Amino acid sequence: MKKGQRAKSKEQSLQSVILNESEESSRKQRDPSTSLRFAQDDTPLTSNFQRPATKSLTIVHLYPKEMNIYGDTGNRLVLQRRAEWRGIEVQVKLVGVGDTIPDETDIIIGGGGQDAGQGKIQDDLQAKAAQLTKMAEDDVVMLMICGMYQLFGRRFVTHEGQEIKGIGILPLETVGGDVRMIGNTTYDTPFGEVVGYENHSGISTLDDGSLALGRVTKGDGNNGRDKTEGCRVRNVFGTYSHGPVLVKNPVFADELLHLALSRRYDDVELPALDDHTELAAHKTALTRPR
Amino acid sequence: MLTNPTGSNFVRGIISAVVDKAGWNGKLAYDIAVFEQDEAHAVHFAKVVRPRGVLVLNIMRDQMDRFGEIDTTLKLLETLARSATEYVVLSANDERVSTILVGDDVKTVWYAHSADLQAEFLTDDQLYHAETVTYALGGEPDVLLTGYDEASVSVSIHGTPHRYRYQLQGGHNALNLTAALTVLYQVVPAPDTTKLAEAILTVEPAFGRGEVIDVPGGGKLTLQLVKNPGGFTQALRMLDLKSYTTIGIAINDDYPDGRDVSWLWDVSFESLQRPVLCGGVRAADMANRLKYDGVKTVAAYEDLGEYVTALNERAATDGGEAILFCTYTAMLKIRSVYLGIYSGLGDEA
Numbered sequence: 347m348k349k350g351q352r353a354k355s356k357e358q359s360l361q362s363v364i365l366n367e368s369e370e371s372s373r374k375q376r377d378p379s380t381s382l383r384f385a386q387d388d389t390p391l392t393s394n395f396q397r398p399a400t401k402s403l404t405i406v407h408l409y410p411k412e413m414n415i416y417g418d419t420g421n422r423l424v425l426q427r428r429a430e431w432r433g434i435e436v437q438v439k440l441v442g443v444g445d446t447i448p449d450e451t452d453i454i455i456g457g458g459g460q461d462a463g464q465g466k467i468q469d470d471l472q473a474k475a476a477q478l479t480k481m482a483e484d485d486v487v488m489l490m491i492c493g494m495y496q497l498f499g500r501r502f503v504t505h506e507g508q509e510i511k512g513i514g515i516l517p518l519e520t521v522g523g524d525v526r527m528i529g530n531t532t533y534d535t536p537f538g539e540v541v542g543y544e545n546h547s548g549i550s551t552l553d554d555g556s557l558a559l560g561r562v563t564k565g566d567g568n569n570g571r572d573k574t575e576g577c578r579v580r581n582v583f584g585t586y587s588h589g590p591v592l593v594k595n596p597v598f599a600d601e602l603l604h605l606a607l608s609r610r611y612d613d614v615e616l617p618a619l620d621d622h623t624e625l626a627a628h629k630t631a632l633t634r635p636r
Numbered sequence: 077m078l079t080n081p082t083g084s085n086f087v088r089g090i091i092s093a094v095v096d097k098a099g100w101n102g103k104l105a106y107d108i109a110v111f112e113q114d115e116a117h118a119v120h121f122a123k124v125v126r127p128r129g130v131l132v133l134n135i136m137r138d139q140m141d142r143f144g145e146i147d148t149t150l151k152l153l154e155t156l157a158r159s160a161t162e163y164v165v166l167s168a169n170d171e172r173v174s175t176i177l178v179g180d181d182v183k184t185v186w187y188a189h190s191a192d193l194q195a196e197f198l199t200d201d202q203l204y205h206a207e208t209v210t211y212a213l214g215g216e217p218d219v220l221l222t223g224y225d226e227a228s229v230s231v232s233i234h235g236t237p238h239r240y241r242y243q244l245q246g247g248h249n250a251l252n253l254t255a256a257l258t259v260l261y262q263v264v265p266a267p268d269t270t271k272l273a274e275a276i277l278t279v280e281p282a283f284g285r286g287e288v289i290d291v292p293g294g295g296k297l298t299l300q301l302v303k304n305p306g307g308f309t310q311a312l313r314m315l316d317l318k319s320y321t322t323i324g325i326a327i328n329d330d331y332p333d334g335r336d337v338s339w340l341w342d343v344s345f346e347s348l349q350r351p352v353l354c355g356g357v358r359a360a361d362m363a364n365r366l367k368y369d370g371v372k373t374v375a376a377y378e379d380l381g382e383y384v385t386a387l388n389e390r391a392a393t394d395g396g397e398a399i400l401f402c403t404y405t406a407m408l409k410i411r412s413v414y415l416g417i418y419s420g421l422g423d424e425a
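Chains as they are written, first to last, in the numbering used here: chain S, 347 to 636; chain W, 77 to 425.
Hints are not guaranteed to be accurate.
Stated by the list, open to error - Which stretches of chain W does chain S cover? Using the computed rule of at least three CB atoms under 8 Å from a CB of chain S, they are: (1) 137 to 144; (2) 333 to 342; (3) 350 to 361; (4) 372 to 378.
Stated by the list, open to error - Partial list, computed: chain W residues near chain S (C-beta under 7 Å): (5) Glu171; (6) Tyr204; (7) Phe283; (8) Asn364; (9) Lys367.
Calculated directly from the structure, the hints in this document are not laboratory data. All values reported here derive from a predicted model rather than from experimental measurement. All C-beta atoms in this analysis are idealised placements derived from N, C-alpha and C, irrespective of residue type, glycine included.
Isolated chain S, as found in the complex:
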């Protein structure tokens, strides 16, 4: 472990992501257990998690083609891997314009896109509105970012005054603003402090008495005025945070997995993962200027 020791002598560096490696383990392996070896020591973690897969999850990525320009696709990967590392079987379905959302869906994610992208999905989203509303009432877990967050509200009135109808699952309305709200952001939530990166000109206002996802401690959040960020109704979460939001906020990611699994299975327990790299990235984000 000579190399590892040398690396560890660098006091200033990020100790949490210093790892051991050998030529053998450097070979690419794709089973989930290999990723678990991403631990600070070389203790094999596989034995804990190689139980036969008894649980499964279906993750739907809504409009991956049209709504994808800010890296939010990473949320899908994070949910998938964090479930797989716990021996849960994951099905990922990409649902685009004209496609059907499978009935067995447990989690739906959606990302930010361009104005043009919002235009392209508008009609299709309306066609899916009834099903999505039903699923939301049925406690399906949904995470909608930025552009999709806005469309999950009642309506979005663009800067030019054009109205884009939302599907009204989240109690909010958005109007296009003059200034783009851009930068690193942090906010307090029931799952701890969340770090993200916002990039939007839409100003969203929640209805009185509705539940924000968090309280802004840095950045503009929903509108730059009332310190709210995001929104939550049942298991539907909306936020302006990119980053992607789940990659540096593992507690939030696990909360979504827990909610989704609890809908389907009794006594759901998510074994702890080694979150050194996630938390190191989280910590870095906290130190970055707006």
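Please arrange chain W on chain S, whose structure you already have, making use of the hints.
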């Protein structure tokens, strides 16, 4: 020919280059100036100095924290293209670039790669939807890239095949050369082909675009700038052409790098065969990204000075060649550390 070799592609960088090369009387003893420019700054520059020609290579999601949307970048580049007085050279393969329209008094000239190279040159939309990769040709290309390998590039110029030896690496450099040849034939319609072949062979990798640096211990390090998912994806293909024993990735998040590091999640790192040494302010973000693609991180260093030391040690241990993918400000810092070493300013043991 006047160029700006500093890599600073804002208006201020170009002014610096012009002032640096001007004579005592303020005159420039050059026939032609070629400037690579930042898309937003170029629009302002071209208002003051109208260019004869404008070359637009591609439009990728890049620096979304500055531009907000990819279509905003397209609008900027279209405005720039319309400032040309004689010709615009456009990629016929890029679904956004090929929509650029200029006035009737300005000639539109196309360059492209051939259909069988399509998988190597994914456009921005295609990067996210591998299932819909189709070959697009928005116009008849004057110069067509038909192939490349580690030592040569094959093109068809006005239908005549040519193969040039060159020192650059990677498909992006091959395609850039194709674009440059297209411009050349606008400036010099009938160049001496022997001299042209010689000239191409003398082209060295630009600042951090496959630039090779000697490292302590006798090894070689290739520096490759990465700044957006498309470019990073393309750059990772360099690992298919040549075997590198040490792989580093250094990510900063200053303004020229892009403040938002979300874009790292739009790049697939699954093809990486070796553990990676991560560096830069966002080293932890990079290590985290790699983790989710099942790629191991050797270590992560926020401090780029320490990072370079670790990289040198690692390269010496591994033997063979090293490659470092880095964002713009990380590259500036890393280059200065290496150049400092060789000018005797470094404090490396």
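These are the hints, each one checked on the structure:
1. 137 to 144: Since 4 is at least three, the answer is holds.
2. 333 to 342: Per the Cβ count (8), the hint holds.
3. 350 to 361: holds (count 8)
4. 372 to 378: holds (count 7)
5. Glu171: Glu171 (chain W) check fails; min Cβ-Cβ to chain S is 13 Å, beyond 7 Å.
6. Tyr204: Hint on Tyr204 (chain W): holds, closest Cβ of chain S at ~5 Å, below 7 Å.
7. Phe283: Result: violated, 26 Å to nearest chain S Cβ.
8. Asn364: Check passed: Cβ of Asn364 (chain W) comes within 4 Å of chain S, closer than 7 Å.
9. Lys367: holds (5 Å)
Checked against the numbered hints above, the structure violates hints 5 and 7; every other hint is satisfied.
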